[in-house]
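> In the order they appear, the protein sequences are chains L and D. Under the numbering used here, think of the first position of the first sequence as 14, with each following residue one higher. Under the numbering used here, think of the first position of the second sequence as 14, with each following residue one higher.
Hints listed in this document are in silico derivations from the structure and should not be mistaken for laboratory results. Treat the hints loosely; a few may be bogus.
Copies of the same chain are indistinguishable here, so a pair counts whether it falls within one copy or spans any two.
As the list claims (entries may be wrong) - No farther apart than 30 angstroms at their CA atoms in a straight line, the calculated lysine-lysine pairs in the DSSO-like style are these:
no., residue 1, residue 2
1, K115, K44
2, K83, K169
3, K169, K115
4, K115, K179
5, K179, K43
6, K83, K179
7, K43, K83
8, K23, K133
9, K179, K133
10, K43, K133
Here is what each chain is made of, one letter per residue.
2 protein chains.
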Amino acid sequence: MYHAMFLQMKKQLGQVDRWLQAAVAFAEAKKFDPNLFMTFRLAPDQFAFARQVQIACDTAKLGASRLTGKDAPTHADTEQSIEELRARLRSVIAYLDGLTPKDFESAATRVITQPRWEGKTMTGADYFLEHVVPNFYFHLTTTYALLRHNGVDIGKRDFLGTLTQKAPTAA
Amino acid sequence: MYHAMFLQMKKQLGQVDRWLQAAVAFAEAKKFDPNLFMTFRLAPDQFAFARQVQIACDTAKLGASRLTGKDAPTHADTEQSIEELRARLRSVIAYLDGLTPKDFESAATRVITQPRWEGKTMTGADYFLEHVVPNFYFHLTTTYALLRHNGVDIGKRDFLGTLTQKAPTAA
């Protein structure tokens, strides 16, 4: 399940790349600079668009790294453009793509911590369910919401991507 | 993992109940009708606030029902107030609370379909990863975003709820 969920996150980050392309196309059609999106916010005390994409990426890569023990690529949080955000997405997608089910064998029982927790710990299982998955989809959906709110032509199918469905069997 | 994820969704729906209470408190302080929130949207062609809460509830309850075979409570989608949305949340929370790990024993291999798929099917495992979890968090986060965008005093901790953390061990 851990590996399958991170493959799902990889798929979702691929969808974000499509939203960013739709944002660029929208900006070109309306003749404004697509990088204006970088600083948009839904509320003045919520992170801006670029930071939402950065954190979605980081939640996936650091979650996988903490649950497998495999080093993740580092990113300096210096992206100034949609194109640079797209490069970050590709970097995290490539990292997730290199993980195997075996890498997650001891994920559930690992002891997880991070600097801001001041010494507190979580089991890998709780960290995954209560922290990684909710935070990942939070920042993903906030990214999507900012684009929808500002008129970019994307919809729910672009959020979910293609579903693994089987055709109806003949009657 | 299935049962644990649905318990996590139960926890998240409990957080939504807190956001709704914060929305009512905000409306009272600002002297407007809290039920004005019911029709707010982030984009004209996106579902309104009340529908976002309804679908978050339905994604959890129908997901659990399809993966376990246990009937879920029905809701008529007639809520006209924040208080009625809170009642729906309580109903779904109670349903999820009654499920056990054993109920999900054959979840991964069940054949799932729904009317709008026109005969197409998904395995329970794919349905859970690609449809239930992303849709649940999508509608949850959109609900949260609408409140944040309109000034309600909630933050990321209110989104996540309390984490299951262990205190630091003595040095």
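> Please name the hints from earlier in the document that this structure breaks, with their numbers sorted from lowest to highest.
1, 3, 5, 7, 10
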